[in-house]
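Trainee: So the sequence lines, in the order shown, correspond to chains V and H. Residue 95 in the UniProt record's numbering sits at position 95 of the first sequence, and the numbers go up by one each step. Residue 242 in the UniProt record's numbering sits at position 242 of the second sequence, and the numbers go up by one each step.
If you are wondering where the hints come from, they were derived from the structure by calculation, not from laboratory data. Just so you know, even glycine gets a beta-carbon here, dropped at the ideal spot from N, CA and C. Please note: incorrect hints may appear among the correct ones.
[Claimed, not checked] Each computed DSBU-like pair below joins lysine-lysine, with the alpha-carbon atoms no more than 30 angstroms apart:
1. V:K196 x V:K109
2. V:K6 x H:K87
3. H:K87 x H:K170
4. H:K170 x H:K289
5. H:K289 x V:K86
6. V:K86 x H:K111
7. V:K9 x H:K168
8. V:K9 x V:K86
9. V:K242 x H:K289
10. V:K9 x H:K110
11. V:K9 x H:K170
12. H:K170 x V:K6
13. H:K87 x H:K168
14. V:K86 x V:K196
15. V:K86 x V:K109
16. H:K111 x H:K123
17. H:K120 x H:K110
18. H:K170 x V:K86
19. H:K168 x V:K6
20. H:K123 x H:K110
[What the hints assert, rightly or not] Away from chain V, derived, C-beta distances all over 10 angstroms, residues of chain H:
21. D125
22. L139
23. Y150
24. I154
25. A230
[As the list claims (entries may be wrong)] Using C-beta positions, here's what the derived DEER-type ranges look like:
26. V:P192 x H:L236: 51 to 61 angstroms
27. H:I264 x V:E43: 46 to 56 angstroms
28. V:N13 x H:I158: 43 to 53 angstroms
29. V:C350 x H:Y159: 36 to 46 angstroms
30. H:K289 x V:Q317: 43 to 53 angstroms
31. V:Q317 x H:I154: 12 to 22 angstroms
32. V:I297 x H:L151: 36 to 46 angstroms
33. V:L18 x H:K123: 54 to 64 angstroms
34. V:Y218 x H:I303: 21 to 31 angstroms
35. V:I297 x H:E218: 31 to 41 angstroms
36. H:P116 x V:C350: 51 to 61 angstroms
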Amino acid sequence: MISLLKIEKREINNPYILTAIRMVGIFLAMVTGGIFLQFTGHEPLAVYRTMTEGVFGSAYGFNETIVKTIPLLLAALGISVAFRMKLWNIGAEGQIYVGAIAASGIALKFGYLPAYLLIPFMLLGGFAGGAVWALVPAVARAWWGTNETITTLMMNYIGILWTDYLVFGPWKDPNGFNFPITPEFSETAFLPAFGKTRVHMGIIIALLLAGILYVFIYHTILGYEIRVAGENSEAARYAGMKVTWNILLALFISGGIAGVAGMTEVAGITHRLQSGLSPGYGYSAIIIAWLSRLNPIAIVGVSFLFGGLLVGGYAVQTSGLPASTALMLQGLILFFVLGGEFFTRYRVICYQNKVAKREGDVHGLSRSN
Amino acid sequence: MDYQGAISILAAAVTAGTPIFYASLGEILCEKSGNLNLGVEGMMLVGAVCGFQAAVLTGNPWLGILAAMLAGGMLSLIHAFLTITLKASQVVSGLALTIFGTGLSSFIGKKLIGIPAPVKFSKMDVPVLSDIPLLGPILFHQDVLVYISYLFVIVVWIYLYHTNWGLKLKAVGENPAAADAAGIYVARIQYVHVFLGGLLAGMGGAYLSLAYAPSWLENMTAGRGWIAVALVIFALWDPARALLGAYIFGGLDILGYRVQALGITVSPFLMKMIPYLFTVGVLIFISAKKGKHHTAAPAGLGIAYHREDR
Numbered sequence: 001m002i003s004l005l006k007i008e009k010r011e012i013n014n015p016y017i018l019t020a021i022r023m024v025g026i027f028l029a030m031v032t033g034g035i036f037l038q039f040t041g042h043e044p045l046a047v048y049r050t051m052t053e054g055v056f057g058s059a060y061g062f063n064e065t066i067v068k069t070i071p072l073l074l075a076a077l078g079i080s081v082a083f084r085m086k087l088w089n090i091g092a093e094g095q096i097y098v099g100a101i102a103a104s105g106i107a108l109k110f111g112y113l114p115a116y117l118l119i120p121f122m123l124l125g126g127f128a129g130g131a132v133w134a135l136v137p138a139v140a141r142a143w144w145g146t147n148e149t150i151t152t153l154m155m156n157y158i159g160i161l162w163t164d165y166l167v168f169g170p171w172k173d174p175n176g177f178n179f180p181i182t183p184e185f186s187e188t189a190f191l192p193a194f195g196k197t198r199v200h201m202g203i204i205i206a207l208l209l210a211g212i213l214y215v216f217i218y219h220t221i222l223g224y225e226i227r228v229a230g231e232n233s234e235a236a237r238y239a240g241m242k243v244t245w246n247i248l249l250a251l252f253i254s255g256g257i258a259g260v261a262g263m264t265e266v267a268g269i270t271h272r273l274q275s276g277l278s279p280g281y282g283y284s285a286i287i288i289a290w291l292s293r294l295n296p297i298a299i300v301g302v303s304f305l306f307g308g309l310l311v312g313g314y315a316v317q318t319s320g321l322p323a324s325t326a327l328m329l330q331g332l333i334l335f336f337v338l339g340g341e342f343f344t345r346y347r348v349i350c351y352q353n354k355v356a357k358r359e360g361d362v363h364g365l366s367r368s369n
Numbered sequence: 001m002d003y004q005g006a007i008s009i010l011a012a013a014v015t016a017g018t019p020i021f022y023a024s025l026g027e028i029l030c031e032k033s034g035n036l037n038l039g040v041e042g043m044m045l046v047g048a049v050c051g052f053q054a055a056v057l058t059g060n061p062w063l064g065i066l067a068a069m070l071a072g073g074m075l076s077l078i079h080a081f082l083t084i085t086l087k088a089s090q091v092v093s094g095l096a097l098t099i100f101g102t103g104l105s106s107f108i109g110k111k112l113i114g115i116p117a118p119v120k121f122s123k124m125d126v127p128v129l130s131d132i133p134l135l136g137p138i139l140f141h142q143d144v145l146v147y148i149s150y151l152f153v154i155v156v157w158i159y160l161y162h163t164n165w166g167l168k169l170k171a172v173g174e175n176p177a178a179a180d181a182a183g184i185y186v187a188r189i190q191y192v193h194v195f196l197g198g199l200l201a202g203m204g205g206a207y208l209s210l211a212y213a214p215s216w217l218e219n220m221t222a223g224r225g226w227i228a229v230a231l232v233i234f235a236l237w238d239p240a241r242a243l244l245g246a247y248i249f250g251g252l253d254i255l256g257y258r259v260q261a262l263g264i265t266v267s268p269f270l271m272k273m274i275p276y277l278f279t280v281g282v283l284i285f286i287s288a289k290k291g292k293h294h295t296a297a298p299a300g301l302g303i304a305y306h307r308e309d310r
């Protein structure tokens, strides 16, 4: 008796089962990460406890998690718009930086404006900066079909280098003791914070955007079109939708929202443009958007989880672990959830030899692929 | 600029292009099997740090290269398992690999920052060949890993275009269903070539940490893995064109330092943008030209093969 494996297609759409599979994936990723930590001479349980305490153990930790959630949430919302159209915008990191440049430029030049004018102006600037940054790959993709994965990624490096050029060069604070920073903005350019914490109004902006996107995607005609076009561009074309225009629009909005994350960072946290503004928010946001199945409401929750992972990552630094531990765990989570997807799309059937003669199975059994 | 200066710039371009070339050659082999691996950046980083760590531990640069290749290969097998066996999205899996590799490399490399390489690959002349005017000092006054890369171009070129295996590989990449029907083990061939891609990406990383830098720095690849992926398109999936393309990128990479040495004051940050700007420009140019590019890409690239779909 030989038992043989056969893989059959199926489709699970039940959101509870899908969520459960993702949860199992995250759990297995943590277990694997734990084994790795054990292997490299650390106490996995102690590390995870330190991480959890870093987030929930104090008001400060919790507030910091919200602070990290803001840019992650905004960037992930932006990315989700592009991913819906099967456009691989992995340039959120660069869009954050250019959004920050635009907002900072406005803050530095128009610092005399009252807050109620300056803040909306900076928001608009941040959006425009990110949007324009995404527009370069978008135009190339829409007109000539240029693969946007690599171009958006290349734009990240260019945006980061541009920031460095500005803060090391023309925008450098003359009184900044040679640090790569611009002068501090005038106070009218500060996003108001909650009490004495670093949590700022950006969280309201981000949550509002999540709500708007949710309504837009699931309850408007244009949102419906975008969902259809993303599922099947041929069908969309037959239905008379302008695919080229949709590509431009989706990437424009996508980059713009990521650009807002840059604005909230400079206006809410640093109050100036500085080198190394984002420690890779734009990359983590890719994972967040994908884990959330591009659902704006789910993105809110997952962004908080990843914000916690970042803060937890900083917490374990005291015990000699690099902050990159968090990045590694993020990668592992993505691996496991990606692997788990398999079980939502296929079923594995184990046959005994005698059943194998059933019609149509003969070919499938000759070799396992 | 004088003759000597020009020679030294071209020689430096070859050195700077070599790590990109190794990674690119690996990605060509991988993509020829129909599998797109966007994890090159991650595999290079892990290769760089593992190679450096192994060289520090053993004092032998060759063991460093070996460790780097194995590390890159191991990572590529994660991608292979997810995309070939579990049929996951190749784009997402590759991105995951890059993110994971970035984290893993700085985890492993935390204690290695600031340590100078105990051993490294130094330049050595090839007898006779290095005396050829012009080409000699550019191509044959290099380190041994550069010479190995010349060898690899020839070996891979013969493999792809003049062996039965190369033909099978092409069949799998172009039309896996037809290849399967012809009795070719599709999954096995894809696994092997994704793995080869990982080995070479790891080697490219180790070239950075053991010959080019030679030291370990966080994120020291600085996008070279992504440039290598772009280079595959630029090279129309051809190893010889990839070598030439890698040297062009290498030249752009070092341009910043050289211009400064000439006393021209341009911000180094603006100079560093050039390779990335060039990559974007080249990709747009190629896709605008279409035609040739479309026939060069393996037809099955990026699509998971499920035999029941035949």
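Trainee: Should the hint that Y218 (chain V) and I303 (chain H) are 21 to 31 angstroms apart at their CB atoms be regarded as holding?
Mentor: Cβ of Y218 (chain V) to Cβ of I303 (chain H): about 29 angstroms, so the range 21 to 31 angstroms holds.
Trainee: For the pair we were handed, K9 (chain V) and K168 (chain H), check the Cα-Cα distance against 30 angstroms.
Mentor: Roughly 27 angstroms separates the two Cα atoms, so the pair holds.
Trainee: Does the beta carbon distance between I297 (chain V) and L151 (chain H) stay inside 36 to 46 angstroms, or does it fall outside?
Mentor: With Cβ atoms ~56 angstroms apart, the hint is violated.
Trainee: Does the Cβ pair C350 (chain V), Y159 (chain H) satisfy 36 to 46 angstroms?
Mentor: Since C350 (chain V) and Y159 (chain H) have Cβ atoms about 38 angstroms apart, the given range 36 to 46 angstroms holds.
Trainee: Just want to verify: L139 (chain H) was marked as not at the interface with chain V; is every Cβ pair farther apart than 10 angstroms?
Mentor: The claim holds: L139 (chain H) sits with its nearest Cβ about 29 angstroms from chain V, beyond 10 angstroms.
Trainee: Can you confirm whether the C-alpha distance between K86 (chain V) and K111 (chain H) stays at or below 30 angstroms?
Mentor: Outside the cut-off at roughly 40 angstroms; violated.
Trainee: For the hint 43 to 53 angstroms, verify it against the beta carbon of K289 (chain H) and that of Q317 (chain V).
Mentor: Holds, at about 49 angstroms.
Trainee: Going straight from one Cα to the other, do K111 (chain H) and K123 (chain H) come out at no more than 30 angstroms?
Mentor: 28 angstroms, holds
Trainee: Is it true that the C-beta distance of P192 (chain V) to L236 (chain H) lies inside 51 to 61 angstroms, as the hint says?
Mentor: 55 angstroms, holds
Trainee: Just checking, A230 (chain H) versus chain V, shortest CB gap more than 10 angstroms?
Mentor: 5 angstroms, violated
Trainee: Hint check: K123 (chain H) vs K110 (chain H), CA-CA at most 30 angstroms. Holds or violated?
Mentor: Holds, at roughly 29 angstroms.
Trainee: Take the C-alpha atoms of K86 (chain V) and K109 (chain V), compute the straight-line distance between them, and say whether it is at most 30 angstroms.
Mentor: Distance ~38 angstroms between K86 (chain V) and K109 (chain V) Cα, so the pair is violated.
In this structure, the hints that do not hold are numbers 6, 10, 14, 15, 25, 31 and 32, in rising order.
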